[in-house]
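Q: For the protein sequence lines, the chains are F and X, in the order given.
Using the numbering used here, the first residue of the first sequence is number 1, and each one after it goes up by one.
Using the numbering used here, the first residue of the second sequence is number 1, and each one after it goes up by one.
Take the hints with a grain of salt, since some may be wrong.
Ranges between beta-carbon positions, derived for each pair [unchecked claim]:
1. F/E35 / X/Q5: 15 to 25 Å
2. X/L100 / F/P332: 29 to 39 Å
3. X/M1 / F/H275: 52 to 62 Å
4. X/R75 / F/Q146: 26 to 36 Å
Think about it this way: if two alpha-carbon atoms lie no more than 27 Å apart in a straight line, the pair counts; the simulated DSS-like pairs of lysine-lysine are [as the list claims (entries may be wrong)]:
5. X/K2 / F/K437
6. F/K367 / F/K381
7. X/K2 / F/K166
8. F/K456 / F/K166
9. F/K166 / F/K36
10. X/K2 / X/K13
11. F/K437 / F/K367
12. X/K13 / F/K367
13. F/K119 / F/K465
I should point out that these hints are in silico values taken from the structure, not numbers from a laboratory.
All residues carry an ideal CB built from backbone N, CA and C; glycine is no exception.
So you can see what is in the structure, the chains are spelled out below.
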Amino acid sequence: MNAIDRLRGQLCAGTHRRPLRVLCGSGQLGYGIPEKALQAGFEREPHFVGCDMGSIDPGPYYLGSGEMATSVDVTRRDLELVLLGSRRANIPLLIGTAGTAGSDLHLERVVQLVRNIAKAHDLHFNLAQIPADIAAEVVVEAIEGQRVRPLGHMPELTRDDALACKAIVGQMGVEPFQRALEEGADVIIAGRACDTAIFSAIPLMLGYAVGPSVHMAKIIECSSLCCVPGGGDAIMGTIEGETFILECMNPERIVTPMSAAAHSLYEEADPYVIHEPDGVVMLNDVRFEDLDGRCVRGSGAKWDASPVHTIKLEGAAYEGERVLLLAAAADPNVISSLDEILHALQERVAVTIGSANTVGYRLWFRKYGFDGVVDWPDQPKVSPREVFILGECVAATSQIASMVLGVAKQNLLHYGFEGRTTTAGNVAFPITPPEVKAGAAYRFRVFHVMDAPDMKALFPVIHEKL
Amino acid sequence: MKLTQLTKVLRRKNAGPSTLTLDLMFIDEPAYRMGTSSGTLSAAAIAGVYGIDPGGVRVVHFPEALAIKVSMARRVIAGSPGDRDVYGSQQHGPLLGIEL
């Protein structure tokens, strides 16, 4: 019998639904799942396990390069823990946004790890993978059909943006997960996916209330971040009628009505709305009540289905090779003249090797102590005792970028400014060589929403028997 | 009173790569009321602190968590060459000196 049919048999009787226990094993699989809380979660006999494995937060490098942000060894360990636990209990395991950004390259790496683990432990199950790469041509066609709109503060998407990307992924909702389950999957490894889809696909296909199911999914996808103190331990969400209960699997963390409510603020511009591909969840009437000092019951989320289905697109384009220059100063005259020195440096570099436009390089300096972290609108009241100077150059090749920083370095060291006493050298280089090759640089050029009437065509499910 | 004395959490984070969002979570109800009624935490005032256009700043009150959420456009898309804070998690600095 299919894993999903087994759950139907256990949980559904006519219109009645028994309490559904959802275990979130990890909100960031690959960084080291705390094992004790995970095992405590399995002992509570969840009906399925979900793990989120990625995010757009670490930046465009991972989507652009196909590299994972997590180490292969820790990723393998974490996958092994959730695979062994879910197979032992014979319950579905759903993993979304495989390998950091959820591109095809990431998906292939994670699926290969799963195959290796299954082989090593003699595990046999139906594995489904769901790629999320969207071909640039599909995006271009949607742009031409005016079916793409910017998200946040992005500009309108152009054909050039789409074609420049190394990879574009679409964020799948619940439909591809549900299709994979109906077709018999025990374990699903999905490319880029809505965090909520991992945890709400099964409740929704079994007929549980949509608003509370998605709301619960939105909270537990970060594992124990909604707890006091917040952390990365496994968390259980139990759906009962029109409500859900949250309980951390580490007894030292509790969920309070306030901490659960506060989670709606996290990473969202609007704390009252959760956007899904096929509608929105409105949180205006949400209530949380304390159950026993450790758990809360949530209710009141309202689902508003949308007639037009959409997906978020994310695309990273290659910007060139990046080289860094590391330098620092402790001399007060150098520190007070730093703006002048760095301005002059940009000119010296242009005079020596050609202008930024002609040669094709971009050069930035961050002055830690002044404005390395924040672009402050004013100067500090007290001059810092030391400053760190980070030069960043991005150019077509690392040779060009190194050449730019090589000229910058020597001029930074010896630039003569008014009041200079540091005639043997204006700065300290902490290492030699002070230029560091940092590899390829990428930029998000796509962060947009696209109408997506046909999820099946965008997110095919590929099955394999292990 | 300093904003830092009235809040238990002051955090900034990306909400997608083009938007920064800032959560001001107040210590108790009186502190929250002080924050929401104070003109120093309006969109215009916060835009002034950051030296940006007030049109790009949005302020949402969230009484359920005694919080005020402020969202604004990033000057540089997260992680692009020239960015200073990929996760946007240290951009609350200019608010630390605010007096209510």
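Q: If a hint holds in the structure, say so; if it doesn't, say that too.
A: Taking the hints in turn, this is what the structure says about them:
no.: 1; hint: F/E35 / X/Q5: 15 to 25 Å; result: violated (40 Å)
no.: 2; hint: X/L100 / F/P332: 29 to 39 Å; result: holds (36 Å)
no.: 3; hint: X/M1 / F/H275: 52 to 62 Å; result: violated (37 Å)
no.: 4; hint: X/R75 / F/Q146: 26 to 36 Å; result: holds (28 Å)
no.: 5; hint: X/K2 / F/K437; result: violated (43 Å)
no.: 6; hint: F/K367 / F/K381; result: holds (16 Å)
no.: 7; hint: X/K2 / F/K166; result: violated (47 Å)
no.: 8; hint: F/K456 / F/K166; result: holds (23 Å)
no.: 9; hint: F/K166 / F/K36; result: violated (40 Å)
no.: 10; hint: X/K2 / X/K13; result: holds (22 Å)
no.: 11; hint: F/K437 / F/K367; result: holds (20 Å)
no.: 12; hint: X/K13 / F/K367; result: holds (22 Å)
no.: 13; hint: F/K119 / F/K465; result: holds (12 Å)
Of the numbered hints given earlier, the model fails hints 1, 3, 5, 7, 9; all others are met.
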